[in-house]
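Student: Listed below, chain by chain, are the residues.
Number of protein chains: 2
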Amino acid sequence: MDNFEFHNPVKIIFGRRKVAEAGVHVSRVARTVLLCTGMGSVKKNGIFDTVVQGLDRNGVSWVELEGIQSNPLLSKVREGIEIVRREGLEAVMAVGGGSVMDTAKAVAAGSLMERGDIWDCFLGKEEIKDALPVVTVPTLAASGSEMNGFMVITNEKNMLKLAAGSPHVYPVISILDPELTYTVPANYTAYGGVDAICHLLEPFFNGSWPDTPIQDGITYGLVKAIIQSTDACLKSSQSYTARANLMWGATLALNGLTKAGVGQHFFPVHLIEHSLSALYHVPHGAGLSALLPGWMEWYADSGSRERIAEFGCGVYGLDKGGTDAELAVRTILIFSRWLKSIGCPWDLAHLSIPVSAHADIAENAMVQGAIWGIDQDYTKEVIVNILDRCARRDI
Amino acid sequence: MDNFEFHNPVKIIFGRRKVAEAGVHVSRVARTVLLCTGMGSVKKNGIFDTVVQGLDRNGVSWVELEGIQSNPLLSKVREGIEIVRREGLEAVMAVGGGSVMDTAKAVAAGSLMERGDIWDCFLGKEEIKDALPVVTVPTLAASGSEMNGFMVITNEKNMLKLAAGSPHVYPVISILDPELTYTVPANYTAYGGVDAICHLLEPFFNGSWPDTPIQDGITYGLVKAIIQSTDACLKSSQSYTARANLMWGATLALNGLTKAGVGQHFFPVHLIEHSLSALYHVPHGAGLSALLPGWMEWYADSGSRERIAEFGCGVYGLDKGGTDAELAVRTILIFSRWLKSIGCPWDLAHLSIPVSAHADIAENAMVQGAIWGIDQDYTKEVIVNILDRCARRDI
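In the order they appear, the protein sequences are chains A and B.
Read in order, the letters of the first sequence are residues 766 to 1160 in my numbering.
Read in order, the letters of the second sequence are residues 766 to 1160 in my numbering.
Chain A extracted, bound-state conformation (with noise of 0.2 Å):
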C-alpha cells in the first residue's frame, strides 16, 4: 500500500423525507444562502418548495442562481460569484445534480478570491486558499460531488472541461434523501449508475496493485452493489431500497476511501468523456459508458490483461481457471452486454460521434492532461487508439 492521507469530514444525513430538515442543517451553517439550482425539475416535483420552505421556516434567506446546465458553465459560476458578493451570501446552497453541485463549490470558493479569477484554479495557476461553507442536497446519484473536494467545470470560450479541487470545498453538510431520485428518469438512472462505477474502477485500474486488497475488496462490493442496484432502479423507479443503494454507492465511489492507499493513480476515461462532452455535449454518464469497453480493452492490451481478469473474478465471479486473456475478453464483453442491457452505449456510433472527430477530441484530451495530469502512457495517438477502438463494438 502507498502512503496516503485521508480527511473527508463532510457530514452526511442519509434517509427517508430528510430533505425536509434542509433547512434546520443550513441554519446553523449560515443566515443567508445563494441557492443553486438546475433547469428546472426540481421546481415541477415539489423538491425546491420542500427546501425553500424548510429555509424560510428556519430563517435562512436566500437568493436563487437557476438555470444549471449539464456541464456546467464557467459563466453561471461567475454569475453566482456576483450575485454572493452583491448580496454578502454567507453559504452556497445546491440543490440538484452533479452539475449544481459543482457550481455551488466553485461559486463557494470562486466568491472568496481576493484577487484573480477562479478558472485560474482550474488551471492550476492559482490554489484554492478558502471557501464559503457548501451544503449539497443531491437530486441524483452520480458524481459523489456531495462528499469530495472536487468539481468540474466548463469553459465555454474555448470548451475546456477541466476538475479542480480542494479541501476547502468539501461541503459541510450533504443531504441524501433517495426519495429525491424516484423522478429520475431510467437514461439518467442508468447514465449514474455507470458514472459511479467509472469512479471506481479508475484508481483499481490504475493503482499500486496487488498490495491493494483493502481496497480491491471494497471496490468489488460497491461495483456489486451499485449494479444489483441500478436494476432494480430501472424495474422499479420507486423502489426505496434500490433508490438508496444506488444513492449511498454513488456516493462512496469517489469519497476517496477506494482512492487511499492506492499510490499515484489518473482519471483517462473521465478526462477523454470530458472532452467529449464539451465537444458533443453528451451526458457525462453516456460519454463514460461509451468509453468504457474499448478502454478496457486497450487497458488489458497495453496495461494489464490480470487486472482486468481480477476484475472480471472479483465482481462477476469468474471463475479463475481460464488463462488472464480469455478472462479479460469475457469480463469485458459482461460488462459491455450490462451497459447495453440498462440502455447505455457501449460505443461511440450509439453516441452519433464520427471516426473523424477522434483527432480532435485527442487534441482536447491532450490540453486537459496538461493542466490536470495523466500518466505519460497517454500520448495523442494512444488517446486516437483508444477512441478508434470505442468507435463501434459488436458485443
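In case anyone wonders, no lab produced these hints; they're calculated from the structure.
A portion of the hints provided could be inaccurate.
Identical chains share a label here; the pair holds if one copy fits it or two copies do between them.
For lysine-lysine, the following DSS-like pairs were computed, each having C-alpha atoms within a straight-line distance of at most 30 Å [as the list claims (entries may be wrong)]:
no. : residue 1 : residue 2
1   : K1105     : K1145
2   : K1105     : K1000
3   : K989      : K1000
4   : K922      : K1085
5   : K1145     : K776
6   : K989      : K1085
7   : K809      : K1145
8   : K1105     : K1085
9   : K776      : K989
10  : K894      : K776
11  : K890      : K1000
12  : K894      : K1145
Predicted, not measured: the structure shown is a model, and the values here were computed from it.
Following the hints, put chain B in place on chain A, whose structure we already have.
Tutor: Okay, now just chain B, sitting in the frame of chain A:
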C-alpha cells in the same frame, strides 16, 4: 437501508515512517500535551524516542502518563485528568494500542468537565459536551479507536468495563505507521485481527439485512483482507504490505462505515467479552475469539441461520447450493479452524474459564447491558446458554 448520520472527521496520515512527522502535526494542534503510553514496549522499541524527539523539535512540551494497562483502568484516567488540569495541558496524545487511545480520549473529555465525574459519562448519567483535541499514534492494529469516537474503560472498584462515545473524542489526527507494529508479538497480532473482524461481524449480524448490499459487500472485502493480512503478518512479522493492510483494515472495521445504514444494532459479543476480561483479565481479542464460534452457533439457532450462511458465502465463497443449516455449520467450522490456525482460542476452555463462572459473567454482562444497551433477546439465561456453547468446542 435505515436512515443514518455519518460524520467521521478524523484526519488519517498513513504510511511508512510517518511517525517521524508526528511532532509537526501535533504542533499545529497544541503547544503542550499529555503523552499517554502503555506498559513500556514503546520505550524498548524506540517509538517513544522518535515521538518525543519530534515533539521537542517542534516546540511541543509534554508530560507523560505512563503505565496504562490493557483493559485500562478508571483510576489511570483520573490520574491523567489531574495532570492535565494541574499543568494546563492543551491536548492529549496516545502512543500505544486501544487501551492507551481509549484512556487518552477519556482524559480529553474528563479534563473539560466542569462538574461531575468522567465515569458518569460511561454510566449514561452525563453527556460528554467537549474534549481536548486527541492525537493518536496506534502501535497495534485492532481496536479502530484511532478513527472513531468510542472508548472502553474498566472501573476497578466494581469490575465494570463500560463503553462511552461522543463526537467530541474523535481524534483530530491519527498517524498510522505500519512499521510501528513490526514488533507486536504473534499472539497480539492475531488477537488484533480477531478484534477487527468482530467489529465487522457484530453490525453484520444485527442489521437491517437484506437491504444492505453495500455494507455487506464492504464487510466481506474487509474481513477477507484482514484474514489474509493476519496470516501474512504471522508468516512474516516485518512484511510492510501485511502490516499495512491489517492496520488499515482494522481502522476501517470500526470507523462507522459498515455500521451506517444497517439500523439498530448492538455488540453482544463485545459486551460479554468485556465482562470476561473485566473479571478474568484475558486479552480482549482472545476473549472475543473464545466467544465467537459459540455465539455464532447460538445466533444460527436463535437468530438467522440464513445470515450466517450468507456470511460464509460472501467471505469464504461457499457454494450457495447447500441448505442454510449446512452452510452455517460449515461457516462456523471454517472460522473456528482459522482461529486455531492463528493460535487463538476457539472456546473458553482454552482460556481456563470454568463453567461455574458462567453465571457470574452473565450477571456482569446484564449490568453492562442495562447501561450500554443490548437487544432484549439477551436475558441472563440466554447469555449463560451462549457461554455454555462456548465452553468446550471440538473442531
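Student: Now tell me, hint by hint, if it's right for this structure.
Tutor: Hints, one by one, checked against the model:
no.: 1; hint: K1105 / K1145; result: within (29 Å within a copy, 56 Å between copies)
no.: 2; hint: K1105 / K1000; result: within (15 Å within a copy, 46 Å between copies)
no.: 3; hint: K989 / K1000; result: within (17 Å within a copy, 32 Å between copies)
no.: 4; hint: K922 / K1085; result: neither (50 Å within a copy, 57 Å between copies)
no.: 5; hint: K1145 / K776; result: neither (41 Å within a copy, 38 Å between copies)
no.: 6; hint: K989 / K1085; result: both (18 Å within a copy, 17 Å between copies)
no.: 7; hint: K809 / K1145; result: neither (44 Å within a copy, 56 Å between copies)
no.: 8; hint: K1105 / K1085; result: both (25 Å within a copy, 28 Å between copies)
no.: 9; hint: K776 / K989; result: both (25 Å within a copy, 29 Å between copies)
no.: 10; hint: K894 / K776; result: both (21 Å within a copy, 19 Å between copies)
no.: 11; hint: K890 / K1000; result: neither (47 Å within a copy, 49 Å between copies)
no.: 12; hint: K894 / K1145; result: neither (34 Å within a copy, 58 Å between copies)
Checked against the numbered hints given earlier, this structure breaks hints 4, 5, 7, 11 and 12; the rest are met.
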